[in-house]
Amino acid sequence: MKIGLFVPCYVDAVFPEVGVATYKLLKHLVGEVDYPLNQTCCGQPMANAGFEQKAVPLAERFEEMFKGCDYVVAPSASCAAFVKLNYPRLLEGKHFCQSSDKIMDVCEFLHDILKVKQLPGKFPHKVSLHNSCHGVRELQLSSASELNIPSYSKIKDLLSLVEGITVLEPKNVDECCGFGGMFSVEEPDVSVRMGTDKLNNHIATGAEYITGPDSSCLMHMQGIAKRLHKPIKFIHVVQILAAGL
Amino acid sequence: MSTKHSRAARLFLAQKEDSQWHNQSLWYVREKRDSFAMGLPEWEELRRLSSEIKRHTITHLDKYVEQFAQQAEANGVIVHWAKDAQEHNNIVYDILKQHQAKKLVKSKSMLTEECHLNDYLISKGIDVVETDLGERILQLMKIPPAHIVMPAIHLKRQQVGKLFEEKLHTEKGNSDPTYLAHAARLHLRNEFMTADAGMTGANFGVAATGDVVVCTNEGNADMSTSLPKLHIVSMGIEKIIPNYDSLSVFVRLLARSATGQPSTTYTSHFRKARPGGEMHIVLVDNGRSDIIGNEGHWETLKCLRCGACMNTCPVYRRSGGYSYTYFIPGPIGINLGMLRSPKEYSDNVSACSLCCSCDNVCPAKVNLSEQIYRWRQDLDSLHKANQMKKFISNRLTYIYNHPKLYRMCLKFAPIINHLPRFMVYNGLNAWGEGRELPTFAKHSFGSMWKKGKVK
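Chains as they are written, first to last, in our numbering: chain A, 1 to 245; chain B, 1 to 455.
These are computed hints drawn from the structure, not numbers from a lab. Please note that a few of the clues may not be correct.
[Stated by the list, open to error] So these bits of chain A aren't anywhere near chain B, every CB distance computed over 10 Å:
#, residue
1, Lys24
2, Leu29
3, Tyr35
4, Glu63
5, Lys67
6, Asp70
7, Gln98
8, Tyr152
9, Leu161
10, Thr166
11, Val185
12, Glu208
13, Ile232
[Stated by the list, open to error] Here are some of the chain A residues that sit facing chain B, going by a computed Cβ distance under 8 Å:
#, residue
14, Val20
15, Gly31
16, Asp189
17, Lys226
Glycine is no exception: its CB is placed at the ideal position from the N, C-alpha and C atoms.
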């Protein structure tokens, strides 16, 4: 199985430790992992802002870079969802889109493909799980609160493999944190209020950490927590799963 | 980088307690909706059926509209056809004039809001009285609805108490809900008894029978049609459904989605005029038949107008109905406004974080967030794209298309971490209004990989 690692732009620039944890975890579980150096961004920031055509060359490069891979794994549910759902349309009329079937969020990959049943690490802490919108509603990482379907959470399943962890969830369990890419700067007041409400709901669980599959949501809430001097810590799910590696 | 919506939202949120209360009130309705949706094991199957019935009806609407009109006429109902709002208003006025009607009592109708019927009729000398309690409150206050199902949800009982003191001469300082509701009831009772005509909207029109189905909680539609002898129904053509089997799907979804009730208190079926009375149905197009042919946006016609997308929308809850420039707010309103006039209503397209919660609550599975995403793609060609967003998107694209340049940017990005605060946190940085910037890593993942430091 040939695995390509996609480290989205903002993870690359702001949270390289999340990329490192993903790499370590994948290496531990499957061995060889390829990281093409030409990668930059999936194109979602421009597309959500209304300029999806600008993502077309990025989609083409993405296809080319990862063409030899069986799976492309990314530590970011939102970026993975963007590739999965939008690349086929962006590449329409050019060539058949392969990335849509190959791209996976790292949690999805561990849960559905590798079917991980044990992990070596310990994380003796209380965490509040941030169920990010695109993870829940586009990649179905957990059962969306709006739907009448059996309740499940792939992320909780994975986290429960880590020794010592206590996983909590906030009230309004999958309400948006208000990041939304350029939404955060075009609608700053609503965005900050959404983020503050979300942050407070996480804090109310009594957790020491907020964790989730998207560093973008974490980054947004972290920015608010810093401004408000809230002591809660932030950690990507993959960093917990890679504990001890 | 702002829109009319974002600026109005800022003012709304500046009233911190009121805006929190607004958010919580609507979230409470979402929770009620959840508890009733979760109470039906077949809920998702109902949503699927509803979506498919709507798709079928809309793609065969010519046939069903004709059938509906034929059946209604066979029942003795007088059917009118209005291609737009003006025609609709003229038809309604003509009917009233023919009957020398001076006072019209109305149950809630978003279509008449869409057509600005009240203003038109009032300008012609008709006394128009809204009889839905929320709508009546707003009419007395001279303000528009802030929500399509709970039009006065943004008001507190104290405000209503004050209004009633002035308009209905209730006791000073008494804002007890039961007392106020009783006062409204007495006041409206008199309006019903002295009205010359009653108007209702329509939740559904059943093609097989020509029936009009109206769902209310207050029974005001029934009062509006039981006292005056003249009943006028104002109805968009997309309200037509094939038959009673399909109605059975929709009535199970509608009230559960809208207000978290198993059904509305009254589900009234109107087939023909009362003895000695007259019933008219005005079928309104007003742009709807054009939407059928709109590949990216036809699904808006599936909407049941339950308002569930507003109650779940984290942006609507935190910005209020009046922050949107179209009279229907929230996710469905963003889309309907763009269909009405993209140039006029493009300011609402910013009011979405693309969280997709609306898609999941919608009882007709309208792809609301996908449509908002699509409208954003159209803004540039409409000359409505935000120039700052366009500039940022262009710069980002350039950097992302040149991996070496991108790597260099990441190398120098940490400089931002050390800039003096005033250079980073100023009026130009909307992120910094309520958030600290993230800290750029000294060594990006890519640079560590290149140096073989990722092991």
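Hints, verified against the model:
no.	hint	result
1	Lys24	8 Å, violated
2	Leu29	15 Å, holds
3	Tyr35	5 Å, violated
4	Glu63	15 Å, holds
5	Lys67	17 Å, holds
6	Asp70	21 Å, holds
7	Gln98	20 Å, holds
8	Tyr152	15 Å, holds
9	Leu161	23 Å, holds
10	Thr166	26 Å, holds
11	Val185	4 Å, violated
12	Glu208	20 Å, holds
13	Ile232	14 Å, holds
14	Val20	6 Å, holds
15	Gly31	14 Å, violated
16	Asp189	4 Å, holds
17	Lys226	4 Å, holds
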